[in-house]
Structure formats: structure tokens, C-alpha cells
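**Student:** The residues making up each chain are set out below.
Number of protein chains: 2
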Amino acid sequence: MSILVVGSVAYDGIKSPAGSVDRCLGGAATYFSLAASYFTQVRIVAVVGEDFSKQDEDILRSHKVDTRGIEHTKGKSFFWRGEYGENLNEAKTLETQLNVFQSFNPQVPAEYLDSDYLFLANIDPVLQGDVRRQMDGRVKLVGGDTMNYWITDPNHRQNLLETLKGVDVLLINDTEAKLLAGETSVPRAVQKVLRMGPRALVIKHGEYGATVFFKEDEFGGGRHPFRAPALPMDEVRDPTGAGDSFAGGFMGYVASQKKLDRETFKRAMFYGGVMGSFAVERFGTERLQSLTREEIDARYQVFRELTHIG
Amino acid sequence: MSILVVGSVAYDGIKSPAGSVDRCLGGAATYFSLAASYFTQVRIVAVVGEDFSKQDEDILRSHKVDTRGIEHTKGKSFFWRGEYGENLNEAKTLETQLNVFQSFNPQVPAEYLDSDYLFLANIDPVLQGDVRRQMDGRVKLVGGDTMNYWITDPNHRQNLLETLKGVDVLLINDTEAKLLAGETSVPRAVQKVLRMGPRALVIKHGEYGATVFFKEDEFGGGRHPFRAPALPMDEVRDPTGAGDSFAGGFMGYVASQKKLDRETFKRAMFYGGVMGSFAVERFGTERLQSLTREEIDARYQVFRELTHIG
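Residue numbers (the working numbering), protein chains in the order written: chain A, 1 to 310; chain B, 1001 to 1310.
The hints are simulated quantities; they were obtained by calculation from the structure and are not laboratory data. Treat each hint with caution, since some may be false.
[Unchecked claim] These stretches of chain B come out as covered by chain A in the derived footprint (C-beta under 8 Å, 3 or more residues):
(1) 1219 to 1227
(2) 1292 to 1306
[As the list claims (entries may be wrong)] The following residues of chain A were derived to be distant from chain B, with all beta-carbon distances above 10 Å:
(3) G19
(4) N87
(5) N99
(6) G197
(7) P232
(8) L291
Only a predicted model underlies this, so the values are computations on that prediction, with no experimental measurement involved. Yeah, the Cβ is synthetic: ideal placement off N, Cα and C, and Gly gets one too.
Construct all of the structure, not just a fragment, from the sequences and the given hints.
**Tutor:** Structure (C-alpha cells):
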């Protein structure tokens, strides 16, 4: 079934201990779309500037991503430049040019209105809420992401809390979960966030994988959270987009399944980790562009061997 | 089969956000022994002072731990006092009195020489090496632990590297692994440490569980590491001894099995995590004193549900 994603399509400049690129295709919606495209049909709502190249749009199209919702407008595309130190867990942002994103007013094209799934990538919660409302009553499941900036700024926070009421599955990291809940312990934070709206909460632990927690009685019921690993990787070249690729694998797999139960979510956690692990092997979206479903399923098996007994 | 542990039997003063105790039974060998006692017969080599109470020795004896190797000597027992902040991951040491440990010269009693397994808890690598030599040619598998102090101090480091040559399974945390290898990345550190002697390396990730890495062709062969989770716990009251309890569950389970293959190690990783998760629920060794094998196996199932698909 089809999934609609709203978020950034952008250019990135990236430096890591493994090398650097001055400018490459990036943006949360781009990583998400490419990762999800191996599982289901993806539609993007985003905005780009006059510098956005046909070749880059063709990369998305070659993965059957519907780009009709990408608005082309005057000015330059969103640009982000960052650097990773020896500890690859966190990027140091060197430059952020919002450019055309500054006046982004996302409109869901009529052709997208029958989308079954929706993912609100990390953008202003007001815009996330707008798109959510445009899809009201139509979608089966809404996933969402956010970041520290929207969580901690008092005005944005109010908007975020409003938007979270319409998000079924929130995907954030440990730090974001603690900040959002105002708690120092993740288990306590989980309980608070699950009272803010989301029926499931995926907490990403970077190199240690991710855990999904459920509101009781949701998605078939059951008491337990589920933890998926990350791969112990020798060769992380560029961590950019790992979280968005996780979300793409996770939501893409969910959208490809008939049943929205806990077993589906468990496998989705693995596919999320798998797509994240591919994304970081090369700079930008390079690795995500050239995968096969066979490679993806082979790595899924590696994740299984890494965690399963007997 | 029986397992011999050499390490500290001590008293601890502990403060955490959940409360405090002025003085309770502690020490790496104590936590290890109690955790391992649910799986196999344990023998301790340690030293205590005149303040060591009969009641505390009876706690060990009631778990069928052989305490004949605990040397009683003039002076006071090893004493440690520490405090945990809101982030329970690391203790701030407020006081360390080595006392009788200062002149500890571990002697393996003749009755212990037929032990099948040996665990070298975190003490001076010279003493670890001494005990290792006393058991030469007898034991089937040697486990070991160490800490930053022995790793980074140039003199101790030399002794540690010598001792590591005789350790089959080393259990340390991420930071210790990176320090030991002089690497900033865990996967690279793993490869280096596996060239120092150990045939298997268990890296503990605190709240994120632990991963075991194998030297190729060892323990039945196979390419993949194995990752066990930790429980997302609401109620960590006192993290003291979590690592030693992990080691006790891990080595105790291994010692209870006939085959030293990778499936045994996988289950041992789970039992390690299980015993660590019990240890932190109460202050000191309280929770480890009162467990049943049924409770342990029930939590093993929880770990399984947390990680296994289908």
C-alpha cells in the first residue's frame, strides 16, 4: 500500500573521518523515500529550489517514488553542512540554509489523498499538523519524527504536543524521548510519551539498535516491548540519514503488510535497522540507491542470527 | 561442573536516588558467586578481615558456595563507598579502603584444584595471573574481568596483557574495550582485543545489553557476534554488582552445560543479562539472595520475547 512522506528534500555537505563530499542529495524525506521504496510505493510532499537537478529527481523516480508532490519554486534548495568526529554518533552542524524551506506550505496533491500511510518527517510541527489534517480520516497509520529544537523551544513545543495527538507511531532517540517527557530515565519517559498521543513509541539507540514500546491493548495487545539490534559495524562512513532510513524501512515494511499487529512491528524494527545499516556504509544516499531486495533480506538474516537463539 | 572465582568479598556503602545503605555485603566475587550459584557449584578464593560476619558467610554457604578458600586475616575487610546520580550508569567512588586486600596473596586450596571453570574477577592482574597458573592444565575455560585502572596505568597494563594470554573469555564494557585496544571504535577494538589472547570477548553496554564476539573458528565456528538485550527497567535501585552478576550468570550457565559451543554462549549471554537485571532491583546482593530458578527462567523468557520474532 502507498505511503506519503512530508519532509525535506535537500543538499548536504558532509565531512567524516572516512572522507567528505561538498554537495550531495540529502534530506529526511529523500532518505525515507529511498529506504521505503524497497517495500512499497512512496509519494513525497516537499519543496525544492531552482538548483534541484533533474538527475536527482530521477534518482527518486527510478525507485518508483512519486515526485509530483515536490513543489519547485524560486530560490535555492535547503542546504545542510555538517561534520562528524571520531565518535560518529553526533554531527556538528556547520551551516544550515533553510532557503525555499522558509516559506514551505505543504499541499497534498489530490492524487495523493488515497495514501494509506503517512510519515511526518522532522519539520516544523505546525507543518506536520497541516499535512496530518489534510489526510484526516483517510490514513490507516501515521508515523512521525521530531528533534530537540521543536521539543525544547516553548512555542514550538506547544505545537508539537498538539501534533503528537495525531501521530500513531513516534520515532525518536533516547535523548529526545527524555527531553520530550522531562524525565532522566528512558522507561519513565516512555510511559509519559505514550500518554501524549502515540500508540507506539520507537526509541532509537544509535549503535545499540532500537526499542519499540506499545500502549497497552494497542496493535493486538501484549505486555512486552521489542528490541532490535544495530549491526556492530566496522565501516560507518557517513551516519547522515541513518534515522530517516530506519524510519523508511520501518514504515515501508509496515505499509507492505496486511496485518498491523505486533509481529509486523517486530519485523519492521528489523527492516528499519537493516536500512539504517546500509545507509551509513557510503556517503549520502549512495548505498540506498543501489540495493536489491535480496541484499536487504540477507542482512535481515544477519540481524536475526545476531539476536536469535536456537 | 564446579567453578572457582577469585576476587573481592567486601563491604559496601551505597547511595542512589532510590535510597542508601551504610554497609552491606558486597564485592565482585560475592555478586559473581551468588549469581552463578543458581546454575552450578561455586568456590571462592578471597580474603576478609575480622569484621567479616558469620551471617554474611552463611549467606554464601546457604547457596552452597564453598567458602573454604576465603582467608580470614587480621584487620578489616575491603570497604567501598560510592554514590549514583540520576544517570545510574556510573558510580562516583567516595571511599576505597583496601584493608586486608592490600597484602592479598591468593592461594587455591587443594580441594579446589579439580575445578573445571575459573573466573578471574576484577583484581590486580598479577594476582589474576597467579591464580591462573595455580590452575594451569586443569580448567576447561577461564573467564576474566578487568577495569580502567589496570588498563591505563603503564606498569599494571604490562601485567594485564600477560594475564590476558591465559583468559579464554574476557568480559568488559565498551569504554574498557576501547581503552584496552587504544581505539575509538568498538568494532576495531574488538578485533585487537581478540588478538591479545581471549577467544571470546563479551562487551557490556550497560542499559543496552551486551555483545559477544568470537575469534574465528573458536567454539564451533561461525561468522557472527551475538547480542543480548538488557531489560528496559523502571526500577533500577542500585546498579552495584550488575557486571559481576552478569559474569556470574554467564559463567555459571556455561559451567552447567556439556557443550562449549556458540548456542551455549548465546543462552549464557541471556542468563548473564537476567542475573544483572535481578541484581539491580534491590540494594546490594539482597535480590540475588532470594531468587528461584523458576523466577530466573521466567525472566529468561521475557528476554526472549523482547528480542525474538515469531
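**Student:** Now look at each hint and say whether the structure bears it out.
**Tutor:** Hints, verified against the model:
Counting residues of the region 1219 to 1227 of chain B whose C-beta sits closer than 8 Å to any C-beta of chain A gives 4, which meets the bar of three, so the coverage hint holds. Given as covered by chain A, the region 1292 to 1306 of chain B passes the check, having 4 residues with a CB less than 8 Å from a CB of that chain where 3 are the minimum. Every CB of chain B is more than 10 Å from the CB of G19 (chain A) (nearest about 16 Å), matching its label as outside the interface. Distance to chain B contradicts N87 (chain A) as a non-interface residue, since its nearest Cβ pair spans about 7 Å, not more than 10 Å.
The claim that N99 (chain A) lies off the interface holds: its Cβ sits roughly 35 Å from the closest Cβ of chain B, which is beyond the 10 Å cut-off. Against the 10 Å criterion, G197 (chain A) stays outside the reach of chain B, whose nearest CB is about 20 Å from its own CB. With 10 Å as the threshold on Cβ separation, the claim that P232 (chain A) sits away from chain B is violated: the shortest Cβ distance comes to roughly 5 Å. No Cβ of chain B approaches the Cβ of L291 (chain A) within 10 Å, the least distance being about 21 Å, so the stated non-interface status holds.
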